[in-house]
Amino acid sequence: MPRPGAGAFPAARSRAGPPVNAALRHAAACLLLPLCAAAGAVQDYEVRVLERKPQSREHFVQGLEIVDDKLYVSTGTYGGSGLYRYDFDDMRPQGARRLDRRIFAEGVTVLGERIYQLTWRNGRILVYDRDSLRPRGGMPLRGEGWGLTNDGRRLVVSDGSAQLHFLAAEDGRHLHSVEVREDGRPLRLLNELEWVDGQVWANVWRSDRIVIIDPDSGQVTASIDLSGLLPAAERRSDTDVLNGIARDPASGAIWVTGKRWPWLYRIELLEVGEKPPLPAQSR
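In numbering that gives the first Met the number 0, the protein residues as written are 0 to 282.
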């Protein structure tokens, strides 16, 4: 069976339907993807790099999203926060919105005709018109904002804790939270998020790994080791941590990057010890 990042996913982005029993969804995920070696076990993965695309090294990447062949990038830092859109095929700029110096932006997601962008400690979710990138107001946010994704109906937010918070997309109203646990212990520092076929992929801050989470139970089902993804020779003094996950709905490909990294990487998951990664190829 093809693995995530290698065409294993259908072309259309998976969206949540009517509520399903959590245990049944977890069991189904174990059958459909090679993520569960045993009930409650965490499958370990390495990655193979299949392709890479250049990106601006000025981008302190806090959020990443691909929709309709457009790449949306949310950048952070005070004075450097913004929202950028690129044609994903050739990475040509398609629009940008710079933010007030008092705002530190975080994750980003696109749902319907709206773009949602988190702020770190400003207590707001910023909302934009998808076509024009014009601001459409915002919504209150309780606590800090770190990572952001959506399941087709609700926003899913991380705040640096072990919690995933589900919010109403129309007004930011808190619906419920799920504690994320790995090997029976809370997993904190969850950062950038991406919804991938009914699972939440999350960067873990200050680490070179991504975890895959069952959104119903909060159980971590897989851990992906990306250490060494950006070669030491390409790191500068201002190069920061791995952060940024985006699934291309057209191909099912998974792309990852980091803060002030020069590349976006298309990856394929490999079971630990399976095969060494191939050299990255420029497009």
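No lab work stands behind these hints: they were computed from the structure. Incorrect hints may appear among the rest.
To be verified - Calculated pairs, BS3-like style, for lysine-lysine (alpha carbon to alpha carbon, straight line, at most 27 Å):
(1) K69 <-> K52
(2) K258 <-> K69
(3) K258 <-> K52
Stated by the list, open to error - Just the calculated beta-carbon pair ranges, DEER-fashion:
(4) G122 <-> R187: 26 to 32 Å
(5) G136 <-> V271: 42 to 48 Å
(6) G39 <-> K69: 34 to 40 Å
(7) G122 <-> E169: 32 to 38 Å
(8) D170 <-> A232: 22 to 28 Å
(9) A40 <-> L174: 37 to 43 Å
(10) V240 <-> L174: 27 to 33 Å
(11) D224 <-> G136: 38 to 44 Å
(12) P53 <-> S206: 23 to 29 Å
(13) K69 <-> R172: 26 to 32 Å
(14) G227 <-> E57: 21 to 27 Å
No residue lacks a Cβ here, since even glycine has one placed at the ideal position from N, Cα and C.
We went through each hint and held it up to the structure:
| no. | hint | in the structure |
| --- | --- | --- |
| 1 | K69 <-> K52 | holds, 14 Å |
| 2 | K258 <-> K69 | holds, 20 Å |
| 3 | K258 <-> K52 | holds, 15 Å |
| 4 | G122 <-> R187: 26 to 32 Å | violated, 21 Å |
| 5 | G136 <-> V271: 42 to 48 Å | holds, 46 Å |
| 6 | G39 <-> K69: 34 to 40 Å | holds, 38 Å |
| 7 | G122 <-> E169: 32 to 38 Å | violated, 18 Å |
| 8 | D170 <-> A232: 22 to 28 Å | violated, 48 Å |
| 9 | A40 <-> L174: 37 to 43 Å | violated, 29 Å |
| 10 | V240 <-> L174: 27 to 33 Å | holds, 30 Å |
| 11 | D224 <-> G136: 38 to 44 Å | holds, 41 Å |
| 12 | P53 <-> S206: 23 to 29 Å | holds, 25 Å |
| 13 | K69 <-> R172: 26 to 32 Å | holds, 28 Å |
| 14 | G227 <-> E57: 21 to 27 Å | holds, 24 Å |
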